[in-house]
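Start counting the sequence shown at 13; every next residue gets the next number (our numbering).
Don't read these hints as lab results, they were simulated from the structure.
Note that the coordinates shown come from a computational prediction; the quantities given were computed from them, not determined experimentally.
Note that CB positions come from ideal geometry on N, CA and C, so glycine has one too.
Among the clues, some could well be false.
27 angstroms max Cα-Cα, derived DSS-like pairs, lysine-lysine [said to hold, decoys possible]:
(1) Lys-156 x Lys-202
(2) Lys-156 x Lys-123
(3) Lys-156 x Lys-50
Beta-carbon label-pair distances, calculated as ranges [what the hints assert, rightly or not]:
(4) Leu-68 x Asn-278: 33 to 43 angstroms
(5) Asp-404 x Arg-268: 35 to 45 angstroms
(6) Arg-322 x Asp-147: 40 to 50 angstroms
(7) Gly-124 x Pro-342: 44 to 54 angstroms
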Amino acid sequence: MPPELQQAARALNLQAYSRNAFIDKLADFTLYLDKLKKDYEAAEIEPYYVPLKVRLEVKGEPLGRPVELDGFVDQWLDSPERNHLSLLGDFGTGKTWFSQRLAWRVAAAGKGRIPIRIALRDYSRAYDIEQVLTDAFTNRFDVKLGGGFRTIRRLNDEGKLLLLFDGFDEMERRAGDYRTALDNFWEIAKLVSPRAKILLTCRTAFFRHHKEEEDVLKKGDRKAVKLLKGDDIIDLSDRREFEVVHLTEFDDEQIREALRRLSPANGEAIFTRIRSLPKMEDLAHRPVLLDMIAKTLPSLLRDEDINLARLYAHYTDNLLQLRSAESIPPNERQFFVEELAWEMQNTNEFTLPWSEFPPKVVAHFGLKDDPAKAAFFERDIRTQSYLVRDDDGNYRFAHKSIMEYFVARRLSRLLVAGESTGCPLTD
Numbered sequence: 013m014p015p016e017l018q019q020a021a022r023a024l025n026l027q028a029y030s031r032n033a034f035i036d037k038l039a040d041f042t043l044y045l046d047k048l049k050k051d052y053e054a055a056e057i058e059p060y061y062v063p064l065k066v067r068l069e070v071k072g073e074p075l076g077r078p079v080e081l082d083g084f085v086d087q088w089l090d091s092p093e094r095n096h097l098s099l100l101g102d103f104g105t106g107k108t109w110f111s112q113r114l115a116w117r118v119a120a121a122g123k124g125r126i127p128i129r130i131a132l133r134d135y136s137r138a139y140d141i142e143q144v145l146t147d148a149f150t151n152r153f154d155v156k157l158g159g160g161f162r163t164i165r166r167l168n169d170e171g172k173l174l175l176l177f178d179g180f181d182e183m184e185r186r187a188g189d190y191r192t193a194l195d196n197f198w199e200i201a202k203l204v205s206p207r208a209k210i211l212l213t214c215r216t217a218f219f220r221h222h223k224e225e226e227d228v229l230k231k232g233d234r235k236a237v238k239l240l241k242g243d244d245i246i247d248l249s250d251r252r253e254f255e256v257v258h259l260t261e262f263d264d265e266q267i268r269e270a271l272r273r274l275s276p277a278n279g280e281a282i283f284t285r286i287r288s289l290p291k292m293e294d295l296a297h298r299p300v301l302l303d304m305i306a307k308t309l310p311s312l313l314r315d316e317d318i319n320l321a322r323l324y325a326h327y328t329d330n331l332l333q334l335r336s337a338e339s340i341p342p343n344e345r346q347f348f349v350e351e352l353a354w355e356m357q358n359t360n361e362f363t364l365p366w367s368e369f370p371p372k373v374v375a376h377f378g379l380k381d382d383p384a385k386a387a388f389f390e391r392d393i394r395t396q397s398y399l400v401r402d403d404d405g406n407y408r409f410a411h412k413s414i415m416e417y418f419v420a421r422r423l424s425r426l427l428v429a430g431e432s433t434g435c436p437l438t439d
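The whole structure should be built from the sequences, with the hints applied where relevant.
See below:
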């Protein structure tokens with residue numbers, strides 16, 4: 013700012029700022045950034061994180077060329093004309109860890125954009141983006157905003173934010189309506205502007221990256237990009253600022269690195285054992301299952317026929333046995349967890365407030381006349397039943413696939429008994 017302007021402002025008892033200085037004063041993110049960094053470090057993701065890879069479509073390479081995701085996203089962040097990135101991957105391929113780590117990396121850099129990560133599972137219905145962001149800034153992140161959403165919009169348009177929307181598929185599953193999800197996608201797309209950076213993660217099963225010959229022919233050399241679901245289409249063909257990339261499953265190098273981090277003393281031995289079991293090797297290429305394998309493989313029989321259901325059975329059975337003898341018996345705990353998963357699937361309510369646990373435990377275990385035991389059981393269920401808690405005290409299964417496994421177990425029992433299920437099938 014010119015010295016004469018500063019002097020004139022002081023003479024009028026006014027404060028004068030340059031454009032950038034004014035933008036920086038619209039909101040104070042100091043406490044938010046400190047908490048973001050501390051929460052990430054407390055989550056102990058970094059010691060176990062293995063860099064992910066994405067598949068880029070390259071002419072003449074139908075399966076795409078794998079590149080490291082960190083480098084790709086860094087280039088994306090440095091390219092002004094690239095504004096919206098959809099990161100697709102199957103369950104358990106590391107999308108959520110990546111988004112958490114990216115927010116931490118950008119925050120730790122201490123310069124440039126402010127990372128704002130929003131878990132979309134917290135927003136189950138159709139919404140407008142103003143409501144989501146205003147709620148996130150003021151209620152979840154405790155950022156003081158002088159002008160509400162207008163300030164957020166100004167910061168975004170000035171290139172001061174990195175908006176990370178994690179788990180788009182989880183929001184759709186809770187809403188139960190794909191048309192709602194399409195509307196929500198375009199609500200997020202409203203934030204795209206020449207200096208904005210928006211990253212969206214989603215299950216591959218929700219979107220498919222598709223190029224159609226007819227579109228290519230109609231549009232000449234312009235790449236046709238569509239996100240498809242049934243008969244509904246999100247067409248990004250004419251939106252050059254939008255990109256879609258797919259996470260690859262772990263290759264052998266990544267599996268080895270993950271096992272070294274999970275089990276420094278036995279990583280290579282576990283890798284050799286996995287390679288000797290073809291079905292296990294297929295599962296190991298997915299990070300969330302690789303973690304289960306590393307924890308359960310030593311207890312599996314050498315010649316046992318291993319599949320996904322059996323792996324989950326070993327994983328969940330091992331967790332059930334970790335509690336002391338005075339705790340809930342393993343079979344009773346598992347039955348409760350199956351009932352909880354079944355109820356969540358039927359109601360499309362995939363989180364449970366902590367306040368709803370006591371009455372459910374009392375009713376399930378018949379503890380109306382034993383409040384002390386009911387309190388003990390309630391704490392025990394919440395802390396060792398494949399559940400995770402958010403900052404607001406809402407509980408959910410650590411991963412949807414675990415919930416779906418318990419739903420399948422109960423469904424199997426009902427089918428064997430010849431009873432009606434009354435439950436919508438999972439995807």
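Handout entry: Pairwise hint evaluation, Lys-123 against Lys-156, where the allowed Cα distance is 27 angstroms at most
Key = holds (20 angstroms)
* Between Arg-322 and Asp-147, does the C-beta distance stay in 40 to 50 angstroms? -> Holds - the Cβ-Cβ distance for Arg-322 and Asp-147, about 42 angstroms, lies within 40 to 50 angstroms.
### Message
Holds or violated: Lys-156 and Lys-50, Cα atoms, limit 27 angstroms.
### Response
holds (20 angstroms)
request  = Mind checking the hinted window 35 to 45 angstroms against the Cβ distance between Asp-404 and Arg-268?
outcome  = holds (39 angstroms)
Can you tell me whether the CB distance of Leu-68 to Asn-278 sits inside 33 to 43 angstroms? Holds, since Leu-68 and Asn-278 (Cβ atoms, about 35 angstroms apart) stay within the stated range.
>> Between the alpha carbons of Lys-156 and Lys-202, is the straight-line distance 27 angstroms or under?
In response: holds (23 angstroms)
- Query: So does Gly-124 sit 44 to 54 angstroms from Pro-342, Cβ to Cβ?
  - Reply: Check passed, 50 angstroms falls within 44 to 54 angstroms.
The structure fails none of the hints (numbered hints given earlier).
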